[in-house]
Amino acid sequence: MTFRWRAIAPKGNTPGLAELAARASQSLGYAVLSDGRDLWLDWACGAAGRFGDLMPIRDALAGHPAFANPASVQHHIARLLKTGGSEARFAVSSDQVPEGFLHDSSSCERSEDGLFRITGFAHDVSGRGLPAGDSRSDWPRLAVEAMDQAVACWDREGRLAFANSRFDQLAAGLGVACPKGRPLHDFLAALAASREVDLAEGAAADWVARVLADRTRERPGEWLLSNGQSVDVAWRAMEGMVLMTVQDVTRARNAERALREAKRLAEDANDKKSRFLSAASHDLRQPLATLKILVYSGIESKSEAELRDLVRSMDVAVSVMDEILGLLLQVGQLDAGRIAVQRHHFQASQMLERLRREFTPIAEQKGLTLRVMDSAATLETDRVLLERILGNFISNAIRFTDRGGILVGLRNRGAHKEIQVWDTGCGIPEDQHKKIFEEFHQVHGSPSARQRGLGLGLNIAQRIADLLSHNLRVASRLGRGTMFSVEVPVGNIWQSRVGEREISERLAGEFFGASALVIEDNDDFRAALEGMLARWGVTVLAARDGDGAVSMLRAQGFRPDLILVDYSFPNGKTGTQILTQVHQELGAKVPGIVCTADTDPELLTAIRAGGVPLLIKPVSPARLRSVMHHLLYENPDRGIAPRESPP
Amino acid sequence: MSSIKIGSMLPFRAATMSDATEFRNGAELAIHEINSRGGINGRPVSLVCVDSGDQSAVAVSVAAQRLVDEHGVHAIINGYNMGSHNSEYEVVADAGLIYIHSNTLIQHHDTIASDPDRYFGCFMGNPADYWYGQGFIKFISWLRDSGQWRPESNRLAIISGSRPYSIVIARAMQSVAREFGWEVAFGPEIVETPTRDWRAALEKARACKPAVLVNTHFYASDLAHFHKQFLDDPFRCLVYMQYGGVHRSFTDIAGDHAEGVIVGTVIGLLADRIGRAFAERYAAAFGDASTPEVGCVTYSAVHHYAMAAAIAGGTGGPYDPAEQNRKVAAVLRSVPFRSVVGTINYHPGWQAAIPYPDYTNDPSLGMPHLFYQIQKSGQEHEIIAPEPYTTARFRLPSWY
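For the record, the sequence lines run as chains U and W.
Sequential numbering from -7 applies to the first sequence in our numbering.
Sequential numbering from 9 applies to the second sequence in our numbering.
Please note: incorrect hints may appear among the correct ones.
[Claimed, not checked] Partner residues aside, some chain U positions facing chain W, computed with beta carbon under 8 Å:
id : residue
1  : Q342
2  : Q487
3  : F504
4  : R527
5  : W528
6  : A614
Derived by calculation from the structure, the hints in this document are not laboratory data.
Think of the CB as a built atom: it goes at the ideal place given N, C-alpha and C, for glycine as much as any other residue.
Just chain U, same shape as in the assembly:
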């Protein structure tokens, strides 16, 4: 008989618990404390029983059975409370069982309210053939108990003669009691019926027969349990009895499975790599061979026109190799798992504009049109990876289209946008619609080697889409054209990442978009001024003197909004004279600012009298801003001459 027991120890310290232990040992009572007046026993009777009712111990166990060695019980309970778990075997006696054995396996938890909650399984192991005794003569029993395996011995009639406590625990854990004398066949049938062993539907009878055959033939077997455990079961006949050992090999099996899977993946990757390198080297060989021929032809060539043609052809060959190497890189990154997905919200228009700029020249070179429809949609995904998918679609579309054009646009799909790439190319047979996303797949019927490509672009697109959890779709009609698409979640417009993350005046300052001509002979000051204006978003043309400025203006067609000029130049010209020179060149009186380190009051007065703003070096950024603002935005015709700022 097996019964489950529980106890709740009161709050407080050890003395209270010792009292519990003493009471339990005296009365064979493993009790649930109720109101402190009496001890109650919870008990369950094996797999066939049900959870019993609470009853006082004295009613449950007539005759007041006692432990032969109460101290061993106290030690068991003390270890239980200290370490959280304990197993022990006790000799007990009562009116009904003069000499019996009880094996107890218990665990203990301390709850948040400070109580100890003990749960135990007590098995009646009386008559198991290994009577307890003192430790010197008891060593066979102790040895069997100490084994890691669960051990059971079946007699000639196939009935259980004895079992160690691990076997008892295994059986109890599977919910199938196996008391002494239970037939093996019966035990196995109960086990199969309990569904604790992982068996297919209707396979229980066959399994029982097989295990019995294993026993007869001493053939080892492996049982896979429903809880995921794997156990090795071995049989050994000895003197008319059969010893059954059960060993938990779950960890070893899991490790084996993991190793097998890792080996499979490694072999798979190796195969892929070999196929890939073979295909890549084959495809690279061709443009390389072409390049060699073109180089030799170029060396031999006598005419410039012929040479130009050869160079153009070389360029094509190089671009083919470049494309193949680009694919190599993408596949390498995907295989190595080195692509980190970075999702964010962004405007589709940014990405569409980049694609338009990248592929329009390529399309036009082939005589095709590329139309990219505008969109105000916000998307949420990894923008760079999405661009790769679309880039693969567009370049395929260009490759397989000889006449007409390519169209890229977005369609609403509820919480998603479907980005579609349409072409007027040769189309793809329906039976290849799935295969085209496989590695190295070449569309049947595509005539030229150049059209075929490496057969990786769509595979890469599919793998990237898998990384992003986006769906790809293809629709095609032979001879009419093809549509490839990718579905992307709609983003949150409030979180849409706009432009730069560095927020400075270079981005949208007050002077953003303005242009300035700086004429300064001191290299350091000119560079500093140029740098500061550039930080403010100003486009700057800088020259060392007036003649240099005029030459640059002519050469570059630069039209400044503002001129900053030093006053004193080595050639004797003054800043105001240079301003006049530049005004004549431009044909307009562009506002100017004179900077000087000279503080002669007469000179300063003379400069101001000419109606030109004046700044004293070192020029204060705030002062320069203020003057620039006035000249550019607040009625420059007033001829402002700002006062000096305090030093």
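Fit chain W to the supplied structure of chain U, relying on the hints for placement.
Frame of chain U; chain W shown alone:
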């Protein structure tokens, strides 16, 4: 024990008198509350105000120097001084003080970046004008895409005042409009400001039949006249005003006709429990005609400064050899502060408040860029974006 003096440079001129008054009120209320709790580490705080006149570089620099030399302030905290081009930073940097303003200018970013060590104490207590641009474009795109508003076209008309603030905002809007499906059909048209005559610009804007009409100038009374002139011959478009429409004087002048106007501000009073309680205390202190929506700016900055100073162990006066203010600055940079305007969280590089949702998606780490719509016959400024700060939904304007 002597008080810790906080200085404030306030533009007490006609066009900005109302804002200057509210900035002073906000600082005074904060100081009163701080002193009622024992001051900063046991020292009381007092406020010294000087007039920054026309807000030019000279006027503001002189005002700053007065605060340093005559009053020995430990910090300067005020609203905006828009024409100074950061010239006052030199005075502050030389004296090693803490300076918190709300100039709302991207110029601030560049000045800090040019020498972070020198300008360690200079903070902009609100996000830069730049954020108005993309924030506004996202806002109208959200109205469109969420179905709350069906624009007649994708055309925008942008009219700008002549202050750097207005020009930057107008340009920022223009630079991102296309990405969100908008076309700037008119402008940015820069009108010299201050002005009350907007007729010429309005005529030109009307010709392009815009779906949205924008004015990035910010003086409340000027904007009120703009709106009245618009209403003389309105067209079917949304009208968006910059910041100044938040002011009570705008609704006082525009009256009922203000209903439907949308106003944006990168720093505004939230209508949550904290904000409402502040508004009640503010009205109790300064009267029902006061504008807590403006006073909240300095109120929040002063409290954040006081907290930072307390954590740092105290404040430092001008030219303090111990450079105590560097410690205060370090706390300001590293400890976000949830105030009645949302969270003041200084970007370590910009030393300006980070906006939500323009820069951060986390409302606990950014100052909300608020969009109000004037509703209920011009009586209420309802927050219609962003979540979670809204108090009402968008409504089509009365002239639609």
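Hint status (Cβ of Q342(U) to nearest Cβ of chain W, threshold 8 Å): Holds, about 6 Å.
Interface hint for R527(U), Cβ within 8 Å of any Cβ on chain W: holds, 6 Å
Minimum beta-carbon distance criterion (8 Å), F504(U) to chain W: holds, 6 Å
Minimum beta-carbon distance criterion (8 Å), A614(U) to chain W: holds, 4 Å
Restraint satisfaction for Q487(U) [CB to CB of chain W, less than 8 Å]: This hint holds: Q487(U) lies near chain W, its Cβ roughly 5 Å from the closest one there, short of 8 Å.
Given hint W528(U) near chain W, where the shortest CB pair must fall under 8 Å: Hint on W528(U): holds, closest Cβ of chain W at ~7 Å, below 8 Å.
Checked against the numbered hints given earlier, the structure satisfies every one of them.
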